[in-house]
Amino acid sequence: MACRGRGYPGRAAPARRGGEWPTWVVAGAIYGGWLLLTFHAAALPWWLLLPAGAFITCWHGSLQHEAVHGHPTQSPRVNLALAWLPLGLWMPYEIYRDTHLRHHACPALTDPLEDTESYFVRERDWERMTGPRRLLLRLHQTLFGRLTLGPALAVVAFWGSEFRRARSGDLSNGGVWTRHVVGTGVVLVWVVLVCDMSVGAYVALFAYPGLSLTLLRSYAEHQPAAGKNRRTAIVLGGPISRLLYLNNNLHVVHHNRPDLPWHAIPAAFAARRGRYMAEAGGHVYAGYPTLLRRFLFRVRHHPVHPDHRFADI
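Residue numbers for the sequence shown follow this note's numbering, so the first one is 198 and each next one is one higher.
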């Protein structure tokens, strides 16, 4: 269970590469787009503001992912400053950084005892659950459930774990949460006092659907395959989704080369396409519409991880 421990030392130094100007351009587009959208929110119809707000908030999450992996600079402090502002409101960047790096260090991806980003449970925990909770977890394994209920479940689970940590006397995240509250205050002062948008409207039009789009990406990234080296998938995607997710849809490449900046991933995939397709173990999807057609109301995987079925009972 080392992957879930708090002692993970952090990322390896990223391999040096060519200019990082594409990431700087993306960062400028994200913050400029967010400022324009929020400032003009009152003049835009909700049906236009919602997809635009979801896109820009999710895109910012993709930028945070780049910063976690050492882009666009060699300085963790500069990358932190670039990605820290919590446009999505719910999770401090520094906690996301630490848990995501532990996810990459984990040799047993999807394992609920080891992987910090697992969506699965043990059989013994499943047996203790009530019927409604089991139904909720099954629904969460469909795309409909992941997109509609997933953001709320993620927030409740994360905030609950942080509350239990603090209640047990572990205040090690206190500074992180203080900085997060300050950043959230900056976002909401702009939104409420300058843009005359309510907090509820911002959550409904930006933060919640933005996290929903992020969960669309993560829905097919990993699967509990028997071979631990076959647990990462590929979604080929189109130009819009590739830009939105900064090529993280080619997830096998990212896990093999987490040091690569987003704009170098397509060339790396093209150079070893056959190898990466084989490593995906057959979990290769043409795009997100394909996933929606196949799994909108269909359970992709049982909530109980196959490595933990009846193992502890």
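Treat the hints as calculated values from the structure; they're not laboratory data. Fair warning: this is a prediction, and the values are worked out from it, not measured in the lab. Be aware that a few hints might be false.
Said to hold, decoys possible - Derived Cβ-Cβ restraints for the label pairs, each shown as a range:
(1) VAL353 <-> ARG497: 27 to 37 Å
(2) ARG497 <-> ARG454: 34 to 44 Å
(3) VAL222 <-> LEU310: 33 to 43 Å
(4) ARG490 <-> LEU440: 14 to 24 Å
(5) ARG454 <-> ALA401: 34 to 44 Å
Quick reminder that beta carbons are idealized off the backbone N, C-alpha and C, glycines included.
Q | Hints not upheld, ascending by number | A | 1, 2
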